[in-house]
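Number of protein chains: 2
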Amino acid sequence: MKQQIRLLGIDDSPFSFNDKYANIIGIVMRGGAYIEGVLKNQVSIDGDDATHICKNMIENTRHKEQIKAVLLDGVALGGFNVVDIEKLYNETKIPIITITRDKPDFDKIKEALQKHFSNWEVRWNLLSKGKLHEVKTKHNPIFVKCTGLSIDEAKEIIKLSTIRGVIPEPIRVAHLVASGITRGESYGKA
Amino acid sequence: MKQQIRLLGIDDSPFSFNDKYANIIGIVMRGGAYIEGVLKNQVSIDGDDATHICKNMIENTRHKEQIKAVLLDGVALGGFNVVDIEKLYNETKIPIITITRDKPDFDKIKEALQKHFSNWEVRWNLLSKGKLHEVKTKHNPIFVKCTGLSIDEAKEIIKLSTIRGVIPEPIRVAHLVASGITRGESYGKA
Chain A
6 MKQQIRLLGI
16 DDSPFSFNDK
26 YANIIGIVMR
36 GGAYIEGVLK
46 NQVSIDGDDA
56 THICKNMIEN
66 TRHKEQIKAV
76 LLDGVALGGF
86 NVVDIEKLYN
96 ETKIPIITIT
106 RDKPDFDKIK
116 EALQKHFSNW
126 EVRWNLLSKG
136 KLHEVKTKHN
146 PIFVKCTGLS
156 IDEAKEIIKL
166 STIRGVIPEP
176 IRVAHLVASG
186 ITRGESYGKA
Chain B
6 MKQQIRLLGI
16 DDSPFSFNDK
26 YANIIGIVMR
36 GGAYIEGVLK
46 NQVSIDGDDA
56 THICKNMIEN
66 TRHKEQIKAV
76 LLDGVALGGF
86 NVVDIEKLYN
96 ETKIPIITIT
106 RDKPDFDKIK
116 EALQKHFSNW
126 EVRWNLLSKG
136 KLHEVKTKHN
146 PIFVKCTGLS
156 IDEAKEIIKL
166 STIRGVIPEP
176 IRVAHLVASG
186 ITRGESYGKA
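Chains as they are written, first to last, in my numbering: chain A, 6 to 195; chain B, 6 to 195.
Wrong hints could be hidden among the right ones.
As the list claims (entries may be wrong) - Mimicking DSBU-like on lysine-lysine, the simulated pairs with C-alpha atoms at most 30 Å apart in a straight line are:
id, chain 1, residue 1, chain 2, residue 2
1, A, 194, B, 194
2, A, 7, B, 143
3, B, 120, B, 108
4, B, 7, A, 194
5, A, 60, A, 115
Said to hold, decoys possible - Covered stretches of chain B, going by a simulated chain A footprint (3 or more residues, C-beta under 8 Å):
id, region
6, 44-54
7, 60-73
No lab work stands behind these hints: they were computed from the structure. Backbone N, C-alpha and C define an ideal beta-carbon position, used for all residues, glycine too.
Bound conformation, chain A alone (with noise of 0.2 Å):
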């Protein structure tokens, strides 16, 4: 696999409980290496839009012929707004990889849901579908998903475009400028 492949990484920012949306932030990067373009847009916060924004950035940004693969900072954004990664996958032809540091309490997750949502089976069903990967890496282990791709081809994705810790840096300088730009000052990691 080329170096230089084009990734898209996407997180979003932080938000306070009287916020209505989050910011989601897009890094097209060359590899772990090179940034080509930022993109910005927002998603509402708890609510379901997550999966057709994230669509909407792939296809209106005029870098989409080239990128190869989507990294996600896990599967939700803005709280419990559940991106559809089979079906963001399968509109857009691009394969989809999401990447936590922490495993994911599902337990807890499950319960959340529950509590705060009548509609809580539909967001556990995409929250919980598909293969959840214990990838290992030179540090702690990280948690994947992927569609559209092998796990193999994920991990090379993962691997090429990763510069310090764990983080792929298209995930990590979205997360830098998603957390940056609503605080004054970026702080934390992906």
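Keeping the supplied structure of chain A fixed, place chain B upon it in accordance with the hints.
Chain B in isolation, oriented as in the chain A frame:
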């Protein structure tokens, strides 16, 4: 000079004539390769707070002690909101480098200032003070002012932080973020 030297690049967002403020984005980078932080603030369009806002951005970031130079996309942010780079250096003790792709047309600038501002002389003095160096690159020459370091040191910093084209990464990325968050997709060149 270390390749991994920390730099802060600052650029402003595009704006329309109805706007009162333009966003400014700061990118903290190691050399031209690795983004460590994203900062955001705003300046009043055609106002006189750019020096103060840049000073705040520098003073308030947790990266301050590491930053070895500040790189500005030209000497004005948010229209004719001119940065007093000597004052900024004197108050922060961090060397300042301004870079533009095109040679400023000083006659046109003076004319525009005279037309729009009663205090045009103050702005003109800030804009025109300090030596403007024409610096050769592999491509077109760039135009550089510097304070707090020699032009040879400034050239070295520009060289080590430029990957493609002629604009150092901290400024190039600040431009992408500033235009991307304002327009939804980044465009144009710093």
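Results of checking the hints against the structure:
1. 194(A) - 194(B): Holds. Residue 194(A) to residue 194(B) sits at ~29 Å (cutoff 30 Å).
2. 7(A) - 143(B): 26 Å, holds
3. 120(B) - 108(B): 21 Å, holds
4. 7(B) - 194(A): 26 Å, holds
5. 60(A) - 115(A): 26 Å, holds
6. 44-54: Our answer is that it holds, as 3 residues pass the Cβ test (under 8 Å) against chain A, meeting three.
7. 60-73: Held - the region 60-73 of chain B has 3 residues with a Cβ nearer than 8 Å to chain A, which meets the minimum of three.
Of the numbered hints stated above, none is contradicted by the structure.
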